[in-house]
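**Q** Just so you know, my numbering puts 191 at position 131 of the sequence shown, and the rest follows in order with no gaps.
Simulated from the structure, these hints should not be mistaken for laboratory data. Here a beta-carbon is modelled for each residue, glycine too, at the ideal position from N, C-alpha and C. Just so you know, not all the hints are guaranteed correct.
Pairwise CB distance ranges (calculated) [as the list claims (entries may be wrong)]:
no., residue 1, residue 2, range
1, 146, 287, 26 to 34 Å
2, 85, 317, 12 to 20 Å
3, 258, 375, 45 to 53 Å
4, 216, 298, 22 to 30 Å
5, 249, 375, 51 to 59 Å
6, 219, 379, 52 to 60 Å
7, 365, 176, 21 to 29 Å
8, 74, 364, 52 to 60 Å
9, 347, 327, 27 to 35 Å
10, 176, 216, 27 to 35 Å
The calculated lysine to any residue pairs, modelled on SDA-like cross-linking and capped at a C-alpha distance of 25 Å, are [to be verified]:
no., residue 1, residue 2
11, 227, 246
12, 237, 287
13, 333, 250
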Amino acid sequence: MKTDIFESYFNNIKSAYRCKVCNERFGEKYILEDGLGSGSLLRLRTEEGLEITMLESFNLLEMEFDNRGFEENLLEVGYCYCGEAEILMLPSRKVYTIRAGDAFIYKMLNNVEKFQFKYKNCKTISISMSCEIINKATDPKWKAETLLDWQRHLDMLFKKEILIVEKASYEVDKITKKIDELSKDEMFGYVSLKSKTLELVARLIYEKNKPCNQCGAIMAEREKILRAQEIIENNLESSPSVKALASQLDMSVYKLQNGFKEITGDTVHNYIKKIRVGRAMELLRNTDLSILQIANEVGYENPSKFAQLFKVYNQMTPLEYRKL
61 MKTDIFESYF NNIKSAYRCK VCNERFGEKY ILEDGLGSGS LLRLRTEEGL EITMLESFNL
121 LEMEFDNRGF EENLLEVGYC YCGEAEILML PSRKVYTIRA GDAFIYKMLN NVEKFQFKYK
181 NCKTISISMS CEIINKATDP KWKAETLLDW QRHLDMLFKK EILIVEKASY EVDKITKKID
241 ELSKDEMFGY VSLKSKTLEL VARLIYEKNK PCNQCGAIMA EREKILRAQE IIENNLESSP
301 SVKALASQLD MSVYKLQNGF KEITGDTVHN YIKKIRVGRA MELLRNTDLS ILQIANEVGY
361 ENPSKFAQLF KVYNQMTPLE YRKL
C-alpha cells in the first residue's frame, strides 16, 4: 500500500523507540528495548490491503500513536492470547481493556486523535484489511452489491463503538490457536496463515451479525459449555460420559448437547475425539513417547483403535505422521 497508516505506525515505532528491525522472509520484526518497556512486533504483509501484526510484550510495554490525518476506511480484528492490553483514546479519555481470550474489532476511520497503549505480558495478533480484499475476491458483476453488503455489516457493527471487545467464541479460539501454531517463515505456513487470517475476519464479522435469536445457547450457557470443554481437555485419559458431564455442570443432557453443538459445531462425543487426536499430534511432534504411551495418554488402551481414529482425521497413521 501507499504510505499510509500502516507505514506511519511502524515508522513511528522505529523513530520513537530504541528499536532493532530484523528482516524476515515475509516481513519485518521490530524488537523494542527502551525505558518504556520491551517486546517485539512481527509485521507480515500478505498482499496489498491485508496486514498482519503479531505483538508480544515482556513485563510492561507502553506505546502511543498520533491518529490524526488518516482517512483509510480499514477494518482491524484481533485476538489476545495472554496478558492484558489497556488502550486510552484521546481526547475522549475512553479506556478499553483487552484480556487473554478476548477478540476485538476496530474501525480505523474515526475521530480519535491519539492512542496510548499499555501491554502487560501480552501477546496479540491483529489483522488489518481494506475493502480491496473484498474487491479481489468478488465476481465483477456482483462487486457493487457485495461491497454494499459488506459496508452494511460494518455499519451495523459500529453503531455505538469504534472498538468492540468481547470474550472470543470457541470457534475463534480454535482459529487463533491454529494461526499461532503456523510457521511464519516458510511458504506452506505463510499460505496457510493468509487463509486462516481471512477465516478469522469472516468468523468475527459473522458472529457479530448473527440475529440474537440464534445466540441463545451462546449467551445463556456459554460459561457452562466452556467449563465442559475444560473438563474434557483436562481428562483425556478418562473423559466423563455426557450424562456425568451434564450432572457435574448442573444442566440437562439436552441443554449440554444443544449448547455444545451450537458453540463448538460438534457433539460432545466428536469433540472428545478431535481433542484426543489433536493432543496426540502434539505429543507425536514434541515428545519421544511411544505410540502405545501416546494412545494411553489420550484415553485409548487399544493402540489399533487409536491408530484408526488418527487416520480418520489425518489420512495417515501416527507413525507416518511422526516421520514427516
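**Q** Are the hints correct? Go through all of them and say.
**A** How the hints compare with the structure:
Remark: the range hint 26 to 34 Å for residue 146 to residue 287 is upheld by a beta-carbon distance near 28 Å. The hint said 12 to 20 Å for the Cβ distance between residue 85 and residue 317, and at roughly 45 Å that hint is violated. Look at residue 258 against residue 375: about 24 Å separates their beta carbons, and that is not inside 45 to 53 Å. The supplied range of 22 to 30 Å is broken by residue 216 and residue 298, whose beta-carbon atoms lie about 46 Å from each other.
Against the hinted window of 51 to 59 Å, the Cβ-Cβ separation of residue 249 and residue 375 comes to about 20 Å, which falls outside the hint. Between residue 219 and residue 379 the beta carbon distance is about 55 Å. The supplied range of 52 to 60 Å therefore holds. Residue 365 and residue 176 have their C-beta atoms about 56 Å apart, which leaves the hinted 21 to 29 Å range violated. A C-beta distance of roughly 57 Å is found between residue 74 and residue 364, which places it inside the suggested range of 52 to 60 Å.
For the hinted restraint 27 to 35 Å between residue 347 and residue 327, the CB-CB distance of approximately 29 Å keeps it satisfied. Remark: the range hint 27 to 35 Å for residue 176 to residue 216 is upheld by a beta-carbon distance near 29 Å. Only pairs whose Cα atoms come within 25 Å are accepted, and residue 227 paired with residue 246 is rejected, the gap being roughly 31 Å. Between residue 237 and residue 287, the direct Cα distance comes to roughly 18 Å. Compliance with the 25 Å bound is thereby established for this hinted pair.
Taking the CA atoms of residue 333 and residue 250, the gap is about 28 Å. The hint is violated against a cut of 25 Å.
In this structure, the hints that do not hold are numbers 2, 3, 4, 5, 7, 11, 13, in rising order.
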